[in-house]
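Peer 1: Here is how the chains run, residue by residue.
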Amino acid sequence: MVRFKNRYVLCEVVSEDPQCRQCIEDRAVGLAVRDAIGRVHGDFGLACCSISFTVKYLNAYTGTVLLRCRKDSYRLLCSALPFVRQLESRNQRYPCFLNTLHVGGTIRTCQKFLIEYNRRQLLLLLQSCTNEEERRCVQKSLLRCSLTEEQCLSGNEDDDDDGTETD
Amino acid sequence: MALSEPAAAAATFERRVLRSAGEHHYLRVWLELPDGGARPSAAQFKQLVVSALRELHGEVGAALPVDVLTYEEKTLSAILRVVSSGLVKLWSALTLLGFYQNRRCAFRVLQVKPCGDWIGQQ
Amino acid sequence: MSLPPLQRLRQAPRHLLVCEKGHARHARSRHAAHVRDHAYNCRVSFLIPECGLLPEVLKSTIADVGEYYLVRNLPVHELVAHDFIDAFVKKGSCYALTYKTKIDQDNTAALLPNGNLILSVDKDTYEELGLQGRPSKYSGKKVMRYIITIDLTDSGFHPDSKKHNRVLWALKENKPLEFDFLLAWYHTGAEGSTLVSYFSKNQIETLKPKITFSTLRDLQCPLLESNELYGKPEESCSTEELFEWLGAVLNQVSLDNKSSSFLSTYCCPQPNTIVEKAFLCTITGFIIPEKIIQLLEQLCCYFGEPKLACWLTLTVHGFADSPVSWRENEHGFHKGGENLYNFVIFRNLDYWLQMAVGTNDDCPP
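Read top to bottom, the protein sequences are chains A, B and C.
Using our numbering, read the first sequence as starting at -14 and increasing by one per residue.
Using our numbering, read the second sequence as starting at 482 and increasing by one per residue.
Using our numbering, read the third sequence as starting at 51 and increasing by one per residue.
Worth double-checking, as some hints may not be accurate.
Straight line, CA to CA, 25 Å or less: simulated SDA-like cross-link-like pairs of lysine to any residue [said to hold, decoys possible]:
(1) 282/C - 503/B
(2) 152/C - 521/B
(3) 56/A - 56/C
(4) -10/A - 56/C
(5) 152/C - 589/B
(6) 56/A - 541/B
(7) 555/B - 282/C
(8) 56/A - 503/B
(9) 308/C - 503/B
(10) 555/B - 577/B
(11) -10/A - 152/C
(12) 308/C - 519/B
(13) 555/B - 60/C
(14) 308/C - 521/B
(15) 555/B - 305/C
(16) 555/B - 265/C
(17) 150/C - 509/B
(18) 187/C - 564/B
For the record, the hints were derived by calculation from the structure and aren't laboratory data.
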């Protein structure tokens, strides 16, 4: 019984078009990524990546996407991600691109990274605030996220078992 | 990769052993087409090889440097040269190609060699 | 063998290229021994730059490459019969190789000039045959191929010895093996009976090697420096570059490509010169090493008189399906079955020898 090793690729959808957010959904992202792999690596690459490929987590509000694939083929997946140019949903196309943030072996490490990353983003936001109202708002959410961090981690302890499968 | 042994026999004697040092592999192929109909020209032939690569290995495969060293339009046989790391890609792509201009076709790989020399088997 | 598919995708079959440098007239030079050890050769070609017409001496050497014989459906036990051993094997160099058998799927037999008969057989035949052998080196964990070596000139292999009777029984009654054989015999001294008369009751054909000449015009030739196996940038080419170029010339690949050409980006290695004409001769057949040594000797003598050419090459291809490459080193086909060597002889009689083998081979001597 050998565990299948997976890789989780954490990326964010970046788009100029605010409407794009609506169409960030599992199917659309999955299709767009598959399409890119098919174009860049052909049938063979697509077949390699398709083993256990899935969109594991998706947050339409922040644009965060977590993709899963086999460890053998994550290089193919990562190299194809920059070639995603648009998301398509309900016959609407929105130009966008995927920004790879992190590649991890478990969902847990990706989650840890995401929390850390978002906190850094908040600090950056704080620096670029222009008025008092914004500053107060950001500070509040910063405080909130540092307070709930412990709880949040212990609450999701079981999560990393999701990413592993046994044969 | 190169390993030279100390000169043993004579002052000028020197021996080098190169393990899989050849940068290229050579394939002698033959394209099987049903009789009649247009035969591809050299450029079309190369295009066919590239399209086979694109189909199976995508743009990355199509970017593989493949050289058509010789091509005979009459017999549809050719010698291809490819970097060694792309040999398996090229071979698999040729094997899985099924159509030329909507006609059935098949590539037969006759010989695969790591060095530039070719043997015409007796 | 359990590489992930993506790594296997980048892996090409292994091969070996051995390059040697030496002097042809040196007392301890082994170049002739290397030629002698490579028993089965199917193609010999040589290229002389700056040569329009072949000297008479070379012409007669080529004409004298000798004939070889093809015997159809010859039972193998005829080769271990004592009449045959006494008449041919012990009185010269006798070469035999099965014709049109595939080393990776068929049974194959070969008789080496030192009197060793080598049978490369699959597992079923091996078990039926009941002769002692050893598993093939390249058949993997589950052995599917065995090599049987019988020394015909062994003192214990006289008629009526147990060993001889066992071999004869195995090959005659237990599992009669029949092949088409290519035969050649080299001997010096008194004329004995010939292969033709010996095998007259079998179908024996006398074949002549096919010889083709061609003169190549305005050929781009790489510059070589006999001391520089590795080549020097801007000054001379390395052995690998030469090897590749030679392959291109033998296959009539056009060399004047631009590196931006769509079809092919191959060009002659740098630095090079344009040679007005070059002489290319190819001999195909079952060519025995003794004749190749003669040819090599004549090619060395070519530089006895002052010549324009700085070097010439002699390329010898072995049979892809022969069971041995050099000496008794086992040879397998794998993807290409290549076993070949190439001499470059320089004006000062320095030589380069390149020996190449494929995946299922030992390192050349």
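Peer 1: Hint by hint, note whether the structure agrees.
Peer 2: To see whether the hints hold, each was checked on the structure:
no., hint, in the structure
1, 282/C - 503/B, "18 Å, holds"
2, 152/C - 521/B, "33 Å, violated"
3, 56/A - 56/C, "11 Å, holds"
4, -10/A - 56/C, "15 Å, holds"
5, 152/C - 589/B, "18 Å, holds"
6, 56/A - 541/B, "20 Å, holds"
7, 555/B - 282/C, "41 Å, violated"
8, 56/A - 503/B, "31 Å, violated"
9, 308/C - 503/B, "22 Å, holds"
10, 555/B - 577/B, "23 Å, holds"
11, -10/A - 152/C, "42 Å, violated"
12, 308/C - 519/B, "28 Å, violated"
13, 555/B - 60/C, "33 Å, violated"
14, 308/C - 521/B, "22 Å, holds"
15, 555/B - 305/C, "21 Å, holds"
16, 555/B - 265/C, "24 Å, holds"
17, 150/C - 509/B, "20 Å, holds"
18, 187/C - 564/B, "29 Å, violated"
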